[in-house]
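**Q** Sequence:
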Amino acid sequence: MNRINQRFTDLKHQGRKALIPFITAGDPAPEHTVGFMHALVEAGADIIELGVPFSDPMADGPVIQKACERALKHGTRLSHLFTMVEEFRQSDTTTPVVLMGYLNPVERLGYQAFADQAANAGIDGVLTVDMPPEEADEFGPILKARGLASIFLVAPTTSNERAATICAHGEGYLYYVSLKGVTGSASLNADDVASHLAPLREMTDLPLCVGFGIRDGATAAEVAKVADGVIVGSALVNQIAENADTPEIIPGLLKAVLGEMRHAMDALNRN
1 MNRINQRFTD
11 LKHQGRKALI
21 PFITAGDPAP
31 EHTVGFMHAL
41 VEAGADIIEL
51 GVPFSDPMAD
61 GPVIQKACER
71 ALKHGTRLSH
81 LFTMVEEFRQ
91 SDTTTPVVLM
101 GYLNPVERLG
111 YQAFADQAAN
121 AGIDGVLTVD
131 MPPEEADEFG
141 PILKARGLAS
151 IFLVAPTTSN
161 ERAATICAHG
171 EGYLYYVSLK
181 GVTGSASLNA
191 DDVASHLAPL
201 REMTDLPLCV
211 GFGIRDGATA
221 AEVAKVADGV
231 IVGSALVNQI
241 AENADTPEII
251 PGLLKAVLGE
261 MRHAMDALNR
271 N
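If you count the sequence shown from 1, position 86 lands on 86 in the numbering used here, and the numbers rise without skipping.
Treat the hints as calculated values from the structure; they're not laboratory data.
Don't take every hint at face value.
[As the list claims (entries may be wrong)] No farther apart than 25 Å at their CA atoms in a straight line, the calculated lysine-lysine pairs in the BS3-like style are these:
1. Lys73 x Lys225
2. Lys144 x Lys12
3. Lys225 x Lys12
4. Lys66 x Lys225
5. Lys225 x Lys255
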């Protein structure tokens, strides 16, 4: 069983929801990423989304865009992510890792070479922001053959017909974009999220995970009431941005932010 599926199976048995942090690989510099990943696991991460830095991250807001700039400035490339995950796997063989990024770096490497290197490194899933399932006829089977889950985005503006197509092709989990616009946007309405998740649950058994707009423990807990997982990115990347000149303190800050969310989400089970 893929590590992602195993993790959601375990969480379901425990009556808990997935906490999925996102960081951009190589931010603020490549040598820090593996340490940050371990810090996130220590704080309660169930799955890690690792962003592939790209020069034109069109779906991302200014926080993630600047993270990509910092990573690229230090020479971070797709090949470095494979090395990072290999190093992470030396001491963590159970936490699923998902690469999240854009198609261009993958196409430059080649679908098969990417899938081979990702699988060999210990990566579990791939979310390619600008490749919809209708265009994944070649890439999807190559990933599947190497045991890599193809993960897709669903937005509030997605039609039911298109959502059904996404659900049919998706693996691992569905990433529901809770806000229209770009990452790091401001407001989140859990009731609105719940109303959009309801028809998706009729279409798929995949876990439904919600990202965009998760800022703190309170918003994480609100979303966890209606979703199977909570994805948090900008709140963590902000900590990296604000402390890029003192990277040694960043693991503790990441643990504080994510730990508050983990505590708030787990408190739902105790109430």
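**Q** Next, verify each hint and record whether it holds.
**A** Checked hints:
This hinted pair does not check out: lysine 73 and lysine 225 have alpha carbons roughly 40 Å apart, beyond 25 Å. Straight-line distance between C-alpha atoms of lysine 144 and lysine 12 comes to about 24 Å, which keeps the hinted pair within the 25 Å bound. Between the alpha carbons of lysine 225 and lysine 12 the distance comes to roughly 14 Å, so the proposed pair stays at or under 25 Å and holds. Our distance criterion of 25 Å between C-alpha atoms is broken by lysine 66 and lysine 225, whose separation comes to about 32 Å.
For the proposed pair lysine 225 and lysine 255, the alpha carbon gap of about 22 Å is at most 25 Å, so the pair holds.
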